[in-house]
Amino acid sequence: MELNAANYHLGNLILILAAVSWAVAQILKVVIQLLTKRRLDWRQIWASGGMPSSHSAFVSACAASTGMLYGFSSPLFAIAAVVAIVVMYDAANVRKAAGEQAKILNYMMDHWSEMKPELFGKELKELLGHTPMQVIMGALLGVAIGLGGTFLI
Numbered sequence: 140m141e142l143n144a145a146n147y148h149l150g151n152l153i154l155i156l157a158a159v160s161w162a163v164a165q166i167l168k169v170v171i172q173l174l175t176k177r178r179l180d181w182r183q184i185w186a187s188g189g190m191p192s193s194h195s196a197f198v199s200a201c202a203a204s205t206g207m208l209y210g211f212s213s214p215l216f217a218i219a220a221v222v223a224i225v226v227m228y229d230a231a232n233v234r235k236a237a238g239e240q241a242k243i244l245n246y247m248m249d250h251w252s253e254m255k256p257e258l259f260g261k262e263l264k265e266l267l268g269h270t271p272m273q274v275i276m277g278a279l280l281g282v283a284i285g286l287g288g289t290f291l292i
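Just so you know, the numbering used here puts 175 at position 36 of the sequence shown, and the rest follows in order with no gaps.
Hints are supplied without guarantee of correctness; some may be wrong.
Derived CB-CB ranges, DEER-like [claimed, not checked]: (1) 151 x 242: 35 to 41 angstroms; (2) 272 x 173: 18 to 24 angstroms; (3) 181 x 214: 22 to 28 angstroms; (4) 150 x 247: 46 to 52 angstroms.
These are computed hints drawn from the structure, not numbers from a lab. Just so you know, even glycine gets a beta-carbon here, dropped at the ideal spot from N, CA and C.
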């Protein structure tokens with residue numbers, strides 16, 4: 140199934156819209172942190188976790204633009220939607236739980252009364268996953284960019 144619109148001007152439109160969605164989400168993380176914590180932290184551009192979920196935005200834009208270009212009843216949309224659901228479930232549940240475990244382990248390491256073993260030499264990353272609201276907002280951003288971007292062709 141070849142669709143010329145999907146390969147419009149700059150290459151693969153679906154991939155471009157997904158990447159734009161990811162980039163917008165990452166930039167929004169910096170802006171939201173600046174507004175809420177009055178701190179400009181450009182490291183957020185590459186960080187995982189936070190509001191909105193760039194993983195959710197990425198896969199939702201892919202699914203939404205696939206649906207717009209190939210039809211929401213197509214097998215391609217079904218595959219994109221299933222992958223999006225799995226990624227968003229993982230972001231909100233599995234990675235979130237790993238972040239909570241890291242928070243507890245970091246607390247234990249900070250309060251270790253004796254000499255810390257070498258195993259405890261590095262602090263674990265706590266912000267791995269997302270709250271359900273962060274996933275929803277990322278998904279809405281991705282759908283908006285995925286659907287809106289297909290109207291540009």
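Residue 272 paired with residue 173, Cβ distance criterion 18 to 24 angstroms:
Given range 18 to 24 angstroms: holds, Cβ gap about 19 angstroms.
Given a hinted range of 22 to 28 angstroms, is it respected by the beta-carbon distance of residue 181 and residue 214?
For residue 181 and residue 214 the Cβ distance comes to about 41 angstroms; the hint is violated.
Does the beta carbon distance between residue 150 and residue 247 stay inside 46 to 52 angstroms, or does it fall outside?
holds, 48 angstroms
Range hint 35 to 41 angstroms (beta carbons of residue 151 and residue 242) holds or violated
holds, 39 angstroms
Hint compliance for this structure: hint 3 alone is broken.
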